[in-house]
Amino acid sequence: MKILVADDHPLTLMGTKGFIESLGYVVEDICSNGITAFNLIIAHKPQIAVLDINMPGMDGLEVLEKVFVQKLKTKVVLLTMHKEMSVFNKANQYGLSGYILKEHAQEELEICLKEVTNGNQYISPNLTHDLTIDRNINHNSELLKLTFAEKKIVELIAQHKTSRQIAELLFISEKTIEGHRTNIIQKLGLPKEKNTLLVWASKHF
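Residue numbers for the sequence shown follow the working numbering, beginning at 1 and rising by one.
If you are wondering where the hints come from, they were derived from the structure by calculation, not from laboratory data. A couple of the hints might just be wrong.
Label-pair distances were calculated between CB atoms; the ranges are [what the hints assert, rightly or not]:
1) N39 to V199: 44 to 50 Å
2) E28 to Q159: 43 to 49 Å
3) I42 to I111: 27 to 33 Å
Under the rule of at most 30 Å between Cα atoms (straight-line distance), these lysine-lysine pairs were calculated in the BS3-like manner [said to hold, decoys possible]:
4) K114 to K17
5) K71 to K114
6) K114 to K66
7) K83 to K17
8) K152 to K194
9) K114 to K45
10) K187 to K83
11) K45 to K66
12) K114 to K2
13) K192 to K145
14) K175 to K145
15) K192 to K203
16) K145 to K187
17) K83 to K102
18) K66 to K102
19) K66 to K2
Cβ coordinates follow ideal geometry from the N, Cα and C atoms, glycine included.
Turn these sequences into a full structure, and let the hints guide you.
In structure tokens form, the structure reads like this:
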């Protein structure tokens, strides 16, 4: 069993490596950015890749998506601080094998690796309640048509944020937000009426 670990925080990277090795697994590669992680997955074909989401080059979600699209056999476990259901749902579209919150890694990583090795998916039980709610929402909605960025914008619209406020929160221009709004309305097939997106967002978030 060969494992790759990728995290842009040196202490977390070495700590995760040491912990996994203490469980009897072989950590063949470690790295601190997504591009290197993906190249190592292609080159060395580890059975499992334990990835942080926030990394330079490519983030963990982008690496996961590339692994999925190229039908690589490496199973991806995301070890992350992100608790947002929109992040999990994005990951779950691309054949995610494991999702663990860093704050619970010490208790859950060993269980996760065992489950993934046996061909099962492991999702942190600390997310279970919210995930159940979120899956019910997605089952009856068009949310899966939206990108991660678009979902975040819709979520903020549901909080009655203006385009200017959303732009400031996401560190992008107001013009870009307006462009996203137009694309979202088209994707969801909403009528071109005033506040149509606000009404829809309020029902789904």
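Now for the hints, and whether the structure bears them out:
1. N39 to V199: 44 to 50 Å: This hint holds: roughly 45 Å between Cβ atoms.
2. E28 to Q159: 43 to 49 Å: holds (44 Å)
3. I42 to I111: 27 to 33 Å: holds (28 Å)
4. K114 to K17: Status holds; Cα separation ~16 Å.
5. K71 to K114: holds (22 Å)
6. K114 to K66: Distance ~24 Å between K114 and K66 Cα, so the pair holds.
7. K83 to K17: It holds: about 23 Å lies between the C-alpha atoms, which stays within 30 Å.
8. K152 to K194: Since the Cα atoms of K152 and K194 sit roughly 21 Å apart, the hinted pair holds (cutoff 30 Å).
9. K114 to K45: Measuring from Cα to Cα gives roughly 19 Å; hence the hint holds.
10. K187 to K83: holds (26 Å)
11. K45 to K66: holds (14 Å)
12. K114 to K2: holds (13 Å)
13. K192 to K145: Holds - the C-alpha atoms of K145 and K192 are around 18 Å apart, at most 30 Å.
14. K175 to K145: holds (22 Å)
15. K192 to K203: Roughly 17 Å separates the two Cα atoms, so the pair holds.
16. K145 to K187: holds (7 Å)
17. K83 to K102: holds (10 Å)
18. K66 to K102: holds (23 Å)
19. K66 to K2: Holds: K66 and K2 sit about 20 Å apart, inside 30 Å.
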